[in-house]
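Participant: Kindly generate the complete structure, drawing on both the sequences and the hints.
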Amino acid sequence: MAYGEKLIDHYENPRNIGSLDKNAADVGTGLVGAPACGDVMKLQIKVSPEGIIEDAKFKTFGCGSAIASSSLITEWVKGKTLDEAETIKNTEIAQHLALPPVKIHCSVLAEDAIKAAVHDYREKQAKKAKPEAAE
Amino acid sequence: MNVSPQNRRMPVYLDYQATTPTDPRVVEAMLPYFTEKYGNPHSRSHIYGWEAEEAVEKAREQVAAIIGADPKEIIFTSGATESNNLAIKGVAHFYKERKNHIITCVTEHKCVLESCRHLQQEGFEVTYLPVQKNGLIRLEDLEAAITDKTVLVSIMAVNNEIGVIQPLREIGALCRSKGVFFHTDGAQAVGKIPLDVNAMNIDLMSVSGHKIYGPKGIGALYVRRKPRVRLQALISGGGQERGMRSGTLPTPLCVGLGVACEIAKNEMPAESERLHYLRDRFYKRITEQLPEVYLNGDLERRIPGNLNISFAYVEGESLVMGIKNLSVSSGSACTSASLEPSYVLRALGVEEELAHTSLRIGLGRFTTEEDVDYAVSEIVAQVKRLREMSPLWEMAQEGIDIKSIEWAAH
Chain A
3 MAYGEKLIDH
13 YENPRNIGSL
23 DKNAADVGTG
33 LVGAPACGDV
43 MKLQIKVSPE
53 GIIEDAKFKT
63 FGCGSAIASS
73 SLITEWVKGK
83 TLDEAETIKN
93 TEIAQHLALP
103 PVKIHCSVLA
113 EDAIKAAVHD
123 YREKQAKKAK
133 PEAAE
Chain B
336 MNVSPQNRRM
346 PVYLDYQATT
356 PTDPRVVEAM
366 LPYFTEKYGN
376 PHSRSHIYGW
386 EAEEAVEKAR
396 EQVAAIIGAD
406 PKEIIFTSGA
416 TESNNLAIKG
426 VAHFYKERKN
436 HIITCVTEHK
446 CVLESCRHLQ
456 QEGFEVTYLP
466 VQKNGLIRLE
476 DLEAAITDKT
486 VLVSIMAVNN
496 EIGVIQPLRE
506 IGALCRSKGV
516 FFHTDGAQAV
526 GKIPLDVNAM
536 NIDLMSVSGH
546 KIYGPKGIGA
556 LYVRRKPRVR
566 LQALISGGGQ
576 ERGMRSGTLP
586 TPLCVGLGVA
596 CEIAKNEMPA
606 ESERLHYLRD
616 RFYKRITEQL
626 PEVYLNGDLE
636 RRIPGNLNIS
646 FAYVEGESLV
656 MGIKNLSVSS
666 GSACTSASLE
676 PSYVLRALGV
686 EEELAHTSLR
696 IGLGRFTTEE
706 DVDYAVSEIV
716 AQVKRLREMS
726 PLWEMAQEGI
736 DIKSIEWAAH
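First to last, the protein sequences are chains A and B.
Under the numbering used here, the first residue of the first sequence is numbered 3, with each subsequent residue one higher.
Under the numbering used here, the first residue of the second sequence is numbered 336, with each subsequent residue one higher.
Worth flagging that the hints you see were computed from the coordinates, not collected in a lab.
All figures in this text were calculated on a predicted structure; none of them were measured in a lab.
Every residue gets a Cβ at the ideal spot worked out from N, C-alpha and C, and that includes glycine.
Any given hint might turn out to be false.
[Stated by the list, open to error] Computed far set for chain A versus chain B, every beta-carbon distance over 12 Å: (1) Lys-8; (2) Ser-21; (3) Ala-70; (4) Asp-85; (5) Glu-86; (6) Glu-88; (7) Gln-97; (8) Asp-114; (9) Arg-124.
[Unchecked claim] Some, not all, of what chain A presents toward chain B, calculated at C-beta under 7 Å: (10) Ile-19; (11) Leu-22; (12) Ala-36; (13) Pro-37; (14) Ala-38; (15) Val-42; (16) Lys-61; (17) Cys-65.
[To be verified] Once the Cα atoms are required to be at most 30 Å apart in a straight line, the calculated BS3-like pairs of lysine-lysine come out as: (18) Lys-372(B) x Lys-393(B); (19) Lys-719(B) x Lys-80(A); (20) Lys-24(A) x Lys-372(B); (21) Lys-738(B) x Lys-48(A).
Facilitator: So, in structure tokens, the structure goes:
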């Protein structure tokens, strides 16, 4: 499959590979996809007390488009608030990387990964808030 | 071998089951039949026709010789796909008044499976035999499937993805004892392993030109004369090729196929040994350097030029992208238009997650030891890089069972 330059750059020089401490209160983890379908993305975000995403890391099992999509979103979410991050659309990812039509699902998965990571972070915060509220 | 057509051309070609370069000796033999000896081999009234006919008949002998057949039993076609279509549909249609059942196997090439599906739509019964984990059919399954309505058994000699060799001699003996015709798709087998249509009781065999260093666009079908196998032609016309395949024979292509067969036959013992050495070196070096690597298909009953390996936790298409200086195929869904992982690997019982991680490595006549060592180093480096990037590899290292996680299918 012939890929565009941006996609190949993200595949060959992926940004922000790695893992954050999934048990830390300020880290949200999104794990989406399925091994049987051939792609699994893990996106982790570290959120400042002010609610800004200050770090993001990914690991992806999947095709070149999946790896590039996840690498790209780690760049995009950094510096954004949670609400802003949630507005990132798969179409923007697909357009930026010039994904071929059969690879659109990779961008959908990347969007899902952001939502899942934000959701995980918010759940953690809610759980932390509850016991405090009970005191 | 000093006839390499590729002076270390990059990327290194390791996809010999997809196609092969035409051997320069083959090209040389073909050339005069384009520009000087361009007669129609069916022209009977002048020298141009006679010399073309002579060349075609010599080629027919060369094709026959590599499978132990009589030249009269060789029909030239456009390739193995046409040969498989002609064998399966032709036999089914000819004998349809008496018999209506065909047996094949789930790992056959698409052109065999699609021909069978086509016949099913016409009302024929088709049994698709399963394969064992090693990729081979069980003779008991075949025997149990044969009925008095069975006209044809079509089982490939060598699988195009995993290179495994089906037990042809045993299948042939069984079919003969039951009075059932035995067709085998020999596209990946001819010139790679010794074949003898009489010793193996093969009634029809498909041959491909471009898989054996011959030209693309030519193949052959062996059709047994004693006991006689009859078939209904797919193409109507002037009645060439004993009425089984009309159309003017492409003399240069026929010559090319003939010479390709002759070279393959002469060089088979030495080439087989050389490829065995290279294949074993490849596999040993990969498995020494990488854990969690799985070979798909039987290692022993396999042509020497094929490896099909799953690299767990690394998706195949991303691996193919990484090893950009190597030309290989992957069983990953992402390299197929259908987005389904290889049906051959699935039929072996290879789990979907591993089917996505497979590479097919095809070694051939122009593969050198240097190519093998380079390919191994590239693959090892990329698998390591992609595993560092893989959340599944990370989980496996942490001792998390990936199967215990509830994945959302998408």
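Participant: Next, verify each hint and record whether it holds.
Facilitator: Checked hints:
For Lys-8(A), the shortest C-beta to C-beta distance to chain B comes to about 14 Å, beyond the 12 Å cut-off, and the non-interface label holds. Look at Ser-21(A): its CB is around 7 Å from the nearest CB on chain B, not clear of 12 Å, so calling it non-interface is violated. The Cβ of Ala-70(A) does not lie farther than 12 Å from every Cβ of chain B; its closest approach is about 10 Å, which violates its non-interface assignment. No beta-carbon of chain B is positioned within 12 Å of the beta-carbon of Asp-85(A); the least distance is around 24 Å.
Chain B leaves Glu-86(A) outside its interface by the beta-carbon criterion, the shortest separation being 25 Å against a cut-off of 12 Å. Under the 12 Å C-beta cut-off, the non-interface status given to Glu-88(A) relative to chain B holds; the minimum distance is some 19 Å. For Gln-97(A), the requirement that its beta carbon stay farther than 12 Å from each beta carbon of chain B is met, with the minimum near 20 Å. For Asp-114(A), the non-interface assignment is contradicted: its Cβ lies about 8 Å from the closest Cβ of chain B, within the 12 Å cut-off.
For Arg-124(A), the non-interface assignment is confirmed: its Cβ lies about 19 Å from the closest Cβ of chain B, beyond the 12 Å cut-off. Interface hint status for Ile-19(A): upheld, as the beta-carbon distance to the closest one in chain B is roughly 5 Å, under 7 Å. Interface restraint check: Leu-22(A) against chain B, minimum CB-CB distance 12 Å, threshold 7 Å, status violated. Annotation: interface hint on Ala-36(A) holds; nearest CB of chain B at approximately 3 Å, less than 7 Å.
With a cut of 7 Å, the hint placing Pro-37(A) at the interface with chain B holds, because the nearest CB-to-CB distance is about 4 Å. For Ala-38(A), the interface hint holds, since its Cβ comes within 7 Å of a Cβ in chain B; the closest pair sits about 4 Å apart. Hint on Val-42(A) holds. Least Cβ distance to chain B is approximately 6 Å, under the 7 Å limit. Taking 7 Å as the C-beta contact cut-off toward chain B, the hint placing Lys-61(A) at the interface holds, the least distance being around 4 Å.
At about 4 Å, the closest approach between the beta carbon of Cys-65(A) and any beta carbon in chain B falls short of 7 Å, and the interface hint on this residue holds. Taking the CA atoms of Lys-372(B) and Lys-393(B), the gap is about 15 Å. The hint holds against a cut of 30 Å. In summary, the hint linking Lys-719(B) to Lys-80(A) is supported, as the alpha carbons are separated by about 28 Å, within the 30 Å threshold. Between Lys-24(A) and Lys-372(B) the alpha-carbon distance is near 75 Å, which puts this suggested pair outside the 30 Å criterion.
For the suggested pair Lys-738(B) and Lys-48(A), the alpha carbons sit about 28 Å apart, so the restraint of at most 30 Å is met.
Going down the numbered hints, you'll see the structure goes against 2, 3, 8, 11, 20, while the others check out.
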